[in-house]
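Listed here are the chains, written in short residue letters.
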Amino acid sequence: MPDTALDSMTSQAPATSQTSVPVPSRTGGATIQLLDVTKTYSGQDAPAVDHITLEIPAGEIVVFVGPSGCGKTTTMKMINRLIEPTSGQLLIGGTDVLKLDADQHRRNVGYVIQQIGLFPHMRIAENIGLVPRMLGWSRAKTAARVEELLEIVGLPPGEYARRYPRELSGGQQQRVGVARALAADPPVMLMDEPFGATDPITRDRLQNEFLRLQREMGKTVVFVTHDFDEALKMGDRIVVLGPRSVIAQYDTPEAILAAPANEYVSSFIGSGGQLKRLGLMLLRDAVLRPAPARRDLPVITVEATLHDALDVMLENGREKILVAEDESGAGKVLGAIRMDDLMAAISDESNDEQPAKAEMSAVSS
Amino acid sequence: MTTAVVVQVEPQAATRSRWVRGSSLRRPPGLAGMAVRPIVLSAALLGLYLWVHAQALDSIESRVLSPQAIKLALWQHVQLSVLATALTIAIAVPLGVLLTRPFARWIKPIGLGLGNFGQAIPSIGLMVLLALWIGVGFWTAVVGLVAYATLPILRNTIVGLDGVDPALKEAARGMGMSRLAVLRRVELPLAVPVILAGVRTALVLTVATAALATFIDAGGLGGGLVAGIELGRPILSVTYGVLAAVLALSADWLGGIAEEVLRPRGI
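Protein chains in written order, with this note's numbering: chain Y, 1 to 365; chain D, 1001 to 1267.
Careful, some of the hints might be misleading.
[Unchecked claim] Output of the computed footprint for chain D on chain Y, the stretches with three or more beta carbons under 8 Å from beta carbons of chain D:
| no. | stretch |
| --- | --- |
| 1 | 40-46 |
| 2 | 97-105 |
| 3 | 121-135 |
Quick caveat, the hints were computed from the structure, so don't treat them as lab data.
Every residue gets a Cβ at the ideal spot worked out from N, C-alpha and C, and that includes glycine.
Taking the hints into account, I'd like the entire structure generated from these sequences.
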């Protein structure tokens, strides 16, 4: 979807085709392990982060979600040592990073913040090239990488490389923010509410773009948000954090929705938990009924979720709809789905997820 | 006197179309207006010259108004001002940087207090006190001028550095810049407009105050001004007074140009 990668303002610019985009990453993710990590600020009795032990699998997006002040950002900032842990161990790819030079360590961890933080007096190319230059890359290699990254985030380098940040829209600036974090191809990325300051449409677009990038890159991403719906969308796994960064539940989005560990997690999910579950299930993965002979039923694309399917049923007052390869119905009809199937999917998943959840909580405890 | 600049990134998509591809930002309109000042000042000098020439001068007047005397006084005045301002920058900017570092935040009020103290003493009193303490002469005047002009630069350096968006500093640290690199590559460049505004203020203040250097035998345009009053020859006071004013306004003009030229692009 390279055309969605561009703001409407730049839609006249030639869209780069997906196939021509070079491989954005040569370095996959690395496992992050927090072992009994605590942060106590001087002059405070209660720790801000209280003995957290957590393993973040390589190549996954793990979302820290929790209310303001629960310590989720503090926990994340300990991973790149912007905040030094009071005690505990921190391993990335098996290396004890607390023993490394903090500045050197940070150059190998991508960092994206809500305020974006592009340097206004540096051109876009300089902003992106900062970390590679600090790591001692040559000018030529850095310039090539900058061009590559601008292509990847959908900002044609010819047009954008020599601009200053304030000549870009907010959404474009955060694309540059992501490109800057990826510049030196770090195995680990930390994202602190990266899309929190953008309008809902831009946010949705940035989220989709990042998920597309991540499918190609396979970085280990720690993503902090207070928005549970964003956590569901972005996370391979979600860590629900309570006060003092105590883990309330650590599991896949599906499993958390199917079986919240306790009252606190349920309250965080809020109402409509089962509808949200439907939103995570793709028609592509569902078992469809054979396509009926009748073709006057509403049609939905196989790319949609079960939640979308329910919406179409309610909208048309039908209990059964057709699933086709594309929305218009011109494509091949793959089958049909009924309201009963949605209900079955919800109850099936709940049963399936139980053992998986037990396994996960063993890891996280 | 102090211009607080909020350094912040703002989406400006609406005005973006105005910029051509790969362009730097538009120059602020200040530079065109800058051309007016030299014309006005030249006209004032020409008027002064014609007026003085039309007068019948006695021997004292022609001696004090001789080209050699004026040149010497002017040169001394410029020397005093430039040297004092350079020393002030060399002292106040590093001091301002130091006082904004996290470890030194607690002495910031003390530093600013000393700067206020220097400026609160009447300048003539400061000169005389210094002369009593370290004797009369050129260097005493320089010390007095530095003490007097430190505050605007110190204060603007502090305001400028404190005004840098904390998110930018955090982004810089998060990318792996050392504290020194953050200062050099992010904080100082972004504080430059505010610091320069302070330098401009200090420069004008110094040129104006240097007229008092004559009281401690350090020369400058103040000599002719005072002589006119003491000898009852107003033409001397008028001539040297106008020269001092033109010099101060020229310094301000140069400061304005420096602000425009040295301001980092993009902000």
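Problem set entry | Violations among the numbered hints | 1
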